[in-house]
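What follows is the residue order along each chain.
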Amino acid sequence: MKNKFYLGVILMMICSLIFQQFLAWWIIIPICFIIALIINKKSTSSFFMGFIALFLLWFISTIYFNWSTGSTMAPLLGNLFGELPGIVTIIVTGLIGGLIGGLSAMSGSLFRRLI
Amino acid sequence: MKYIKFLLVFGFTVFTAYFLDHKIPIGEKPTPPLGKILNPFLGLWQNGEGSEFDDQTLNHPSLKEDVTIIYDARKVPHIYAQNLEDALFAQGYVEAADRLFQMDFSTKATEGRLSEILGKKMIDFDKERRRFGLAYAAENAVKSWNKFPDKIASLQTYVEGVNAYISSLSPKDHPIEHKLIGDKPEQWSIYRSALFFKSMAEVLCSNEKDVRNTNTLKFLGEEEFDYLFPEINAKESPIIPKGTKWEFDPIQIKPNAETELSYIKDLRDQRPNEGVGSNNWAVDGSKTASGYPILCNDPHLNLTLPSIWYEIHIHTPEFNAYGVSLPGMPGVMIGFNDNIAWGETNVGHDVLDWLEIEWANEEKTKYMLDGKETNIEYRVEKIKTKEGNTVLDSVKYTVWGPLSHHHVKNDYTDLAMHWLSHSGTDLPEFMTFVELMQAKNYDGYAKALESYVSPAQNFAFAAKDGDIAIHVNGILPAKAKGHGRFVQKGNISESGWDTFIPREQIPKVLNPERGFISSANQRSADVDYPYYYTGGFEDYRGRSVNQNLAEMENIVVDDMKKLQWNSHNIKAQEFTPIMLSMLSSDRKEKYSTEVNELESWDFFFKQESKAATIFEIWYTQFYKMTWDEMYSRWSEYKMMTPESWRFLEVLLDQPNSKYFDIEDTDKRENAQDVLNLSFDKAIDKLNEIKDKKGSLKWGDYRKINIGHHLEVPAFSAIDVVTDGHPSTINATNWGFGPSWRMIVELGEQPKGHGVFPGGQAGNPSSPYYKNSVEPWSKGEYYTLNAPHDPKDIKEQLFELKMGHEK
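Chains A and B, in that order, give the protein sequences.
If you want the numbering used here, it's the 1-based position in the first sequence plus 1.
If you want the numbering used here, it's the 1-based position in the second sequence plus 611.
Rather than coming from a laboratory, the hints here were simulated on the basis of the structure.
All C-beta atoms, glycine included, are put in the ideal place defined by N, C-alpha and C.
Keep in mind that the hints are not guaranteed to be accurate.
[Stated by the list, open to error] Simulated DEER-style distance windows between Cβ atoms:
| # | chain 1 | residue 1 | chain 2 | residue 2 | range |
| --- | --- | --- | --- | --- | --- |
| 1 | B | Asp665 | A | Asn41 | 31 to 37 Å |
| 2 | B | Ser1246 | A | Ala25 | 48 to 54 Å |
| 3 | B | Leu618 | A | Ile11 | 26 to 32 Å |
| 4 | A | Ala25 | B | Glu973 | 26 to 32 Å |
| 5 | A | Ile92 | B | Asp665 | 25 to 31 Å |
| 6 | B | Lys1201 | A | Gly83 | 29 to 35 Å |
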């Protein structure tokens, strides 16, 4: 049972990583929706599946992209949004990905109940 | 139940995602589309710029041979090309790579297309831009440039370089600002370079006082107007030294058409371009320690981030040029090569006139010209909005130019604009700064200047072979006395200008006896120069520069650094003792601290000076209270107030005149009364400043903001503290100042020094975005290295190799 959860997380991360290279960011909605639908877990654990997958993907990629460009973007965005420490903008980025990923996965699992 | 649960969750998901993908107008500030811009893969996280770069390569069919570009420790590109065309291609490419948003956005703004990007709230801005006719002017320029097919090839390769960079981008690489406002960069073109030229012309040569002069003359009558507003300041030190002989026969000029005066009601926000001005000077070998000439230039402009200037080094087998360019135009604007150095300041001649239109019918479709009804021509402007609408604006054009201030209400005056920069002139003006890079001596410099049109500039020059020169240069109308000083009648063709001062008769001087040449936006020549010209001229900086240069001997570069940093204010030096002498003794006693500051002052506007703040506040109050009769009518009719040098003369000449009377009081005040009253007001203001800023130090009170195009504080440099005042050589003010300081000592190898308040990169996250603001604010310089061999560039950030692609 646990393995299915991790499989879902990994699938969501890989598919999102690939499709986000060239498609708009909200492509993560159908990705998480469909994977959660196939994996077929309860709605709460589906939410966490999507949340963890997209939080990790966005958070880690952001840390990577920020680090690889001399860690200059995080402080600039912190300034742009009003005197925030750079790390907060990285966490917020992760949370946005996680929230949409989680909600989409939850929707997918709830949709499965309908069919 | 299952359905409802699904719909609720899914609906919430879609709603949240939509919210994160769009700007949502909540309250005053719309929330940014956070999902879009924080998306790690296509959003802003892709835009970070550090100090480590990978080497790059580019192959392009437009290139003939290989080009090597080395970026040095300050990210200045050093371009090594085998021919001029390849060099200009590379220039276009590197400028776009660092300044794409600036280039793209500023030309869209010039064209009046901001509604397309920022939405319908920009409609009025766009309409104003289009009625000013800058796109029309750019179209005319392209038409006349196309008459030089062999020369326009140079500009074309520059354009291809810019486009080569734009084409290399995928959406994730678009500049930060484009992503933030939801726009994308557009392909560059010759037309867009022309737009850039015209926006420069607007900044530098659209300044006029026609409406204000007309209203002031009507208000005061001729005698008083002439008394308060003489055109010649006896103390002024003109650009061409007094006593220079004019050995030519001036051309015939038709007399000025008589103008019947009426008040002009005008809705325009009249913004005097105060502070747009510059210094340049050169000394010959007789005045320097090295025996070689030294040339200096500091153009004062609105300070912006990214800076308007871009530092660049271009090397080909034919020339080796270094200096600053304006991204959008090929060539080096201010700089040097192995043999010569050059730099510009603005010429203040008035080349924009307003003409009052006499309508032939009520519908305002026909106007009178030489007794005949003449049809208005329409140029239909289509303004697209981000919301998807198109707003049409039919701009009326007369024989003079656009009716840029055409009002619906009848009590406003309809004025047509007659501006030199609207019409195409059959000269390849884009070549001047390309040819200056290649010039080897005085003849080469003079030849390069021949194609230059507008905005007219004072071109300073110095050469390794010992020559120094300055040419007032550009297309300048030959005007009869008084022509263009006031609003002209638009119903007779005599009101226009149809002749221009022949280029060889425009003031210039080569190797003057005094051993130096200089300009600081003052009048071009002494009163005996046979042509009339009016406009906006500066009176103090030129005197400071010339006084200093006349005294200096054995000059080394450090002396020039000090001179560019000099904040001694002649205006303060002339006014302060007189103002103090008229101050009542009880005030002197009561406010002894402030008075002592002024009494012991050296008249320098240094950041630590308290006297500078006291003088500035007191003088401003004194001036405003004296000329209250003009200021109080401003909402009704815009008027002029006397220049400060004339104010001083009036103060000494007629201290009891009616000008000093304050209209709002029953008493009849004289100069002394106004001076004392203004001192009381100044003290109140100074106390406020002390409370707010903690001290009266000039640097604490007068802080400089260097703003970003989008007015984003995180992308700007706020509260920069430095020396200077608009009337001093180091001409700084709240939002403007020396936008580039350069000193070049010629010699076997030229030695350049320079700094601008910004950085090379246009990317706000880059360490090279505003790294030079602090050194600039302290008067420090970088060494400008222009080695012939790329190996001599010591610290290299990265290399960009370009080559021909079949």
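Hint check:
no. : hint                                : in the structure
1   : Asp665(B) <-> Asn41(A): 31 to 37 Å  : violated, 45 Å
2   : Ser1246(B) <-> Ala25(A): 48 to 54 Å : holds, 51 Å
3   : Leu618(B) <-> Ile11(A): 26 to 32 Å  : holds, 29 Å
4   : Ala25(A) <-> Glu973(B): 26 to 32 Å  : violated, 55 Å
5   : Ile92(A) <-> Asp665(B): 25 to 31 Å  : holds, 29 Å
6   : Lys1201(B) <-> Gly83(A): 29 to 35 Å : violated, 45 Å
Violated hints for the displayed structure, listed by number in ascending order: 1, 4, 6.
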